[in-house]
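Q: Produce the complete structure using the sequences and hints provided.
Protein chains in written order, with this note's numbering: chain G, 1 to 740; chain L, 1001 to 1175; chain B, 2001 to 2134.
Take these hints with a grain of salt, some might be off.
Which residues of chain L face chain G? A partial, calculated answer using Cβ under 8 Å [unchecked claim]:
#: 1; residue: L1010
#: 2; residue: L1016
#: 3; residue: G1023
#: 4; residue: W1115
In silico BS3-like pairs for lysine-lysine, Cα to Cα no more than 30 Å straight-line [what the hints assert, rightly or not]:
#: 5; chain 1: L; residue 1: K1053; chain 2: L; residue 2: K1003
#: 6; chain 1: B; residue 1: K2105; chain 2: L; residue 2: K1053
#: 7; chain 1: G; residue 1: K656; chain 2: B; residue 2: K2105
#: 8; chain 1: G; residue 1: K482; chain 2: L; residue 2: K1035
#: 9; chain 1: B; residue 1: K2040; chain 2: B; residue 2: K2105
#: 10; chain 1: L; residue 1: K1065; chain 2: L; residue 2: K1053
#: 11; chain 1: G; residue 1: K482; chain 2: B; residue 2: K2040
#: 12; chain 1: L; residue 1: K1090; chain 2: L; residue 2: K1065
#: 13; chain 1: L; residue 1: K1035; chain 2: L; residue 2: K1092
#: 14; chain 1: L; residue 1: K1053; chain 2: L; residue 2: K1090
#: 15; chain 1: G; residue 1: K656; chain 2: G; residue 2: K606
#: 16; chain 1: L; residue 1: K1035; chain 2: L; residue 2: K1065
#: 17; chain 1: L; residue 1: K1092; chain 2: L; residue 2: K1065
#: 18; chain 1: B; residue 1: K2105; chain 2: L; residue 2: K1035
#: 19; chain 1: G; residue 1: K604; chain 2: B; residue 2: K2040
#: 20; chain 1: B; residue 1: K2105; chain 2: G; residue 2: K606
#: 21; chain 1: L; residue 1: K1035; chain 2: L; residue 2: K1090
#: 22; chain 1: G; residue 1: K656; chain 2: G; residue 2: K604
Hint data in this document are derived by calculation from the structure and do not stem from the laboratory.
Think of the CB as a built atom: it goes at the ideal place given N, C-alpha and C, for glycine as much as any other residue.
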Amino acid sequence: MIAEAGLAALWLAAALAALQLVLGLSALRKAGVAPGAGDGAGKASRQPFSTPFLPSAVEARAGPAIGGPSTTLGRNGRGGGHAGPSTALGMGGDEGSQAGPLTALGIDGGGGAGAGPSAAFGADGDGQTSGAAALGAAIRPLAIVQGLLALFAFACLIALFVRSDMSVKLVVENSHSMKPMLYKWAGAWGNHEGSMLMWVTILAVAGALVGVVERRLREPTLIATLAAQAAIALGFYAFLLFASNPFARLNPAPADGMGLNPLLQDPGLAFHPPTLYLGYVGLSVAFSFAVGALVTRDVGGDFARAMRPWVLAAWIMLTIGITAGSYWAYYELGWGGWWFWDPVENASLMPWLAATALLHSVTVLATRQGLRTWTVMLAVVAFSMSMIGTFLVRSGILTSVHAFAVDPRRGSFILALLILYIGGALALFALRAPTIREGTPFDPVSREGALVGNNLLLSAILGVVLVGTLYPLGVEAVNGEKLSVGPPYFNAAAGPLALILVALMAAGPLLRWRRDELGALARRIALPALLSVATLGAVLLVSPIGVLPLLGLALATGVGAASLAPLWKRNLRRTPLFTWGMVIAHLGIAVSLFGMASESAFTKEKLVAARPGDTVAVGPYSVRFVGVDPIAGPNWTALEATMVARRDNGAPVTLKPQARFFPNPPTETNESAIATRLDGQLYVVLGKGDDDGRWQLRLWWKPFVTLIWGGGGLIALGGALSLLGRLRRERTAHDRRAYL
Amino acid sequence: MRKGLLWAPLALFALLVGFIVFGLVRPADHVIPSKMIGQPVPGFALPAALPGKPGLDSAALADGKPRLLNVFASWCLPCAAEAPVLMALKDKGVTIDAIAIRDRPDDLAAFLARWGDPFARIGADHDSRVQMAFGSSGVPESFVIDGRGIIRHQHVGPIREEDVPAILAALDGAR
Amino acid sequence: MRALVLALLLVPAAPALADSRMAAAAYADTQLADPAQEAKATALMHTIRCLVCQGQSIADSDADMAGDMRALIRRRIAAGEEPEAIRRWLIERYGDWVSYAPSTKPVNWPLWAAPLLLVAAGVLIARRRFRRRR
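A: Structure representation (structure tokens):
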């Protein structure tokens, strides 16, 4: 029954998404802003709904339109006869006032707070627009119900996995009744169909959240946004229902399942894909905002401020997802590497790069009304990268350790969706971008100048990663030659760009908006620069290391100091939260960079064949190999080595790396053992034994390696503080306006 | 100029779609073919893998007769699967030499006793050294080598019934 | 780092039950005595692609063949051969695919030019947003 309920919820959600799209389109058409309504009409009625929202702010906030689907639909029935042209004519009178509210709100930071649909349209009063109004009012509740239905379907799938319902094909293929509960739970998304369901669930829930909380966008833009979100969801619902049904039954049901890939039986699976997907799909909101704003020609400060929290939230999730994934691979793969420039990793990095750029350009747009076209472009690119990334992972087109084997029918289906959404958005962009007015040009030495530099470099790095990832495919398509593009290329091509970017990151926050002086900047940055040079000298004196790690270490110390500089001589308690957020995120970049450089320059590796009783020295540790014992876990057996590590005269640490064997499906994995210290990690792995009673041991001492992920955590924390600060300021601004 | 630029993202995306379509249409192919086809056999000398059967060296592969060189191992399941086909080829008069990868004499003897022994010589390649010199990337693989010791053809994976005509044709061509 | 994520199905598929029972080759997991030589060998291994698992470098792979390739590299480095010569030897046998470092052949010129072209294009586009400073 659960499977049928889930499937029914999915169908219903798909139907609602279709309705949401149709309603949105017809509301926009009635209002004369839909692309199909013709550009002439669109220009004549640019802001049909916008006028009278200030007086209604209070009641709109108290009671949003969620309660009224039936009444609004009823109104729709009565007002449905009003045709588009009359609407457009009726709204012509607003033309004169349209610039006023927009810019005014743009500057005071409040946005279109409280443009609750019913209130706004109620104030319109004359009935001319009530058809469009009713359609528009229905779209929020629709989005919310659709989100709840998707969530219900996903909950059903989890329930099936938790109950080990072996009559469901997906459970049989990816689970086993003997599996620990955590992995039954996580097994729901450790496979193609389940992860796609999670994808579309997040998409629908994100749309529902927009419907619940978004109050600053003008109504037509919001309607267009929710319609775009529904259009995306619809495609992926179709994909699930027609090509990847997660609820398909198996008859007769087998006695037990085939088990989950043991490499995935790790707490990482419970945590990593959901965060990454929240990030990927969270960017869909930015995408839909961009499409909505293009449709209604509403790209401005409001749009930027409305989009910013969504981008921030998605970006935080992406940061956490990538950081967690990197650490997972680090301890699970058993060779001490934490980033491999594998296509699948690149697929997660590209949306992050785009989102990082978007985060910064949106700030320029919100603060200085600049970079409008560019910001819209980035919003489209960020989610496009998420979709392309998901697709590449799924299609098996690029050889990766991590690729799914997927049949071509599914591949073609997703590709068709990609062409529709990305191609459609890019075409809309090309058609509408000329109508976007750009603000005044910037001064090169200014905060916005630095932010443009940030965007330029991030985009270039994104381009390098994209080109490098797809180049082998391109070459094979052109002349059939097989080649590989790996770490040597990415390090050489993206590394220097990244270092320049980090240096720029030190300077940017120390620059004033609008216009600053180079001399003043030089004075502000002198101390951190000195610190960098000192580090450079110190490292050179101690030991010769590679150029990139050397520059990385030197930059990291200077940039770390510079990133704290915006707090200098400030009252820390009165410093806004989002400034704290920026400082901490930038510090996180420096910390992470330090960890990467230190790991790559100073790691000590020891590979030995040892007998029990032998002692191995690695870095500052001497490790005694005590012996190997067989042990059994819940669904595996293992050989477990015992090693006692001692540093100088400190207390001994016992490490127990394992070589595990899983019977369902039959697989061997290596479980590394890691001792974490303030200044690094000791990482040991048990390899094969030989006939002479010796065991292959791999040991690494990795100084400051933890800073890589610690820095990632700081970046995410900074993002969270920033988000909190923005939301809080918005609330304050909103309350202030409400009491006026 | 600016208007043209605005279409650039769409054009780039179209290019990307082109590559992806190619990737989808192209048959999934993870075979890395050897680049040694058409070149002389690399110089090597491998000890006998089993007592009582000669080892293998490059001179033995250039004795005037075309032959099949099978790269295999007793621990490899597909190798057992292709054993009957190799026996049939031997019965058709094909000379088959072999390189056993990372194998132990006991395991090898048991494997040949169970699945049949179509091999004239077997060289023991304990650390895949010669396998790599041939540009072979796994087991089982087979090379057709002509009488002058030139590598003519590579077959990756087990030789199945339906592959036999191609192998025989390659052997004919190497005459 | 969807590393591992969701999939990894390719990796464990084959090697689990079809491993050689022989101990790994001498230099597969044993370092060279000379740290400078070992550093050279390790650097090269990180840029050679594993033929069996395909998604990893031989330095990060558990496959037997990757072990044999590591042994080959260490042996040759110990014999005084230069890393780039070993890379060439492998490319002669397996093609460019085996090296993660793209060659400087004309087919890769666009790849190597990409970072410069991207930055140049970015500067051209961004220049319009700036006013001339006086």
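Q: Could you run down the list of hints and mark each one as holding or not?
A: Checked hints:
1. Hint status for L1010(L) relative to chain G: holds, with the closest Cβ pair at about 4 Å, below 8 Å.
2. Interface hint at L1016(L): satisfied, since its Cβ lies 7 Å from the closest Cβ of chain G, which is below the 8 Å cut-off.
3. Interface restraint check for G1023(L): the shortest CB-CB distance to chain G comes to about 4 Å, inside 8 Å, so the restraint holds.
4. With a cut of 8 Å, the hint placing W1115(L) at the interface with chain G is violated, because the nearest CB-to-CB distance is about 22 Å.
5. Distance restraint check for K1053(L) and K1003(L): the Cα-Cα separation of roughly 76 Å exceeds the 30 Å cut-off, and the hinted pair is therefore not satisfied.
6. Between the alpha carbons of K2105(B) and K1053(L) the distance comes to roughly 46 Å, so the proposed pair goes past 30 Å and is violated.
7. Taken as a hint, the K656(G) and K2105(B) pair is broken in the structure, with Cα atoms around 48 Å apart against an allowance of 30 Å.
8. In summary, the hint linking K482(G) to K1035(L) is supported, as the alpha carbons are separated by about 12 Å, within the 30 Å threshold.
9. Of the supplied pair hints, the one linking K2040(B) and K2105(B) holds, its CA atoms being roughly 24 Å apart against a limit of 30 Å.
10. About 19 Å separates the Cα atoms of K1065(L) and K1053(L), which keeps this hinted pair within 30 Å; it holds.
11. Between the alpha carbons of K482(G) and K2040(B) the distance comes to roughly 26 Å, so the proposed pair stays at or under 30 Å and holds.
12. At roughly 14 Å between alpha-carbon atoms, K1090(L) and K1065(L) fall within 30 Å of each other, so this suggested pair holds.
13. Simply put, K1035(L) and K1092(L) have alpha-carbon atoms about 29 Å apart, close enough for the 30 Å limit, and the pair holds.
14. Our distance criterion of 30 Å between C-alpha atoms is met by K1053(L) and K1090(L), whose separation comes to about 16 Å.
15. Restraint check: the Cα-Cα separation between K656(G) and K606(G) comes to about 17 Å, which is no more than 30 Å; the hinted pair holds.
16. A threshold of 30 Å between alpha carbons decides the hint, and for K1035(L) with K1065(L) the separation of about 23 Å falls inside it, so the pair holds.
17. Under the criterion of a C-alpha separation no larger than 30 Å, the hint pairing K1092(L) with K1065(L) is consistent with the structure, at around 15 Å.
18. At roughly 17 Å between alpha-carbon atoms, K2105(B) and K1035(L) fall within 30 Å of each other, so this suggested pair holds.
19. Distance hint between K604(G) and K2040(B) is fulfilled; the C-alpha atoms sit about 14 Å from each other, no more than 30 Å.
20. The straight-line distance between the Cα atoms of K2105(B) and K606(G) is roughly 36 Å, outside the 30 Å bound, and the hint therefore fails.
21. Simply put, K1035(L) and K1090(L) have alpha-carbon atoms about 27 Å apart, close enough for the 30 Å limit, and the pair holds.
22. Taking the CA atoms of K656(G) and K604(G), the gap is about 20 Å. The hint holds against a cut of 30 Å.
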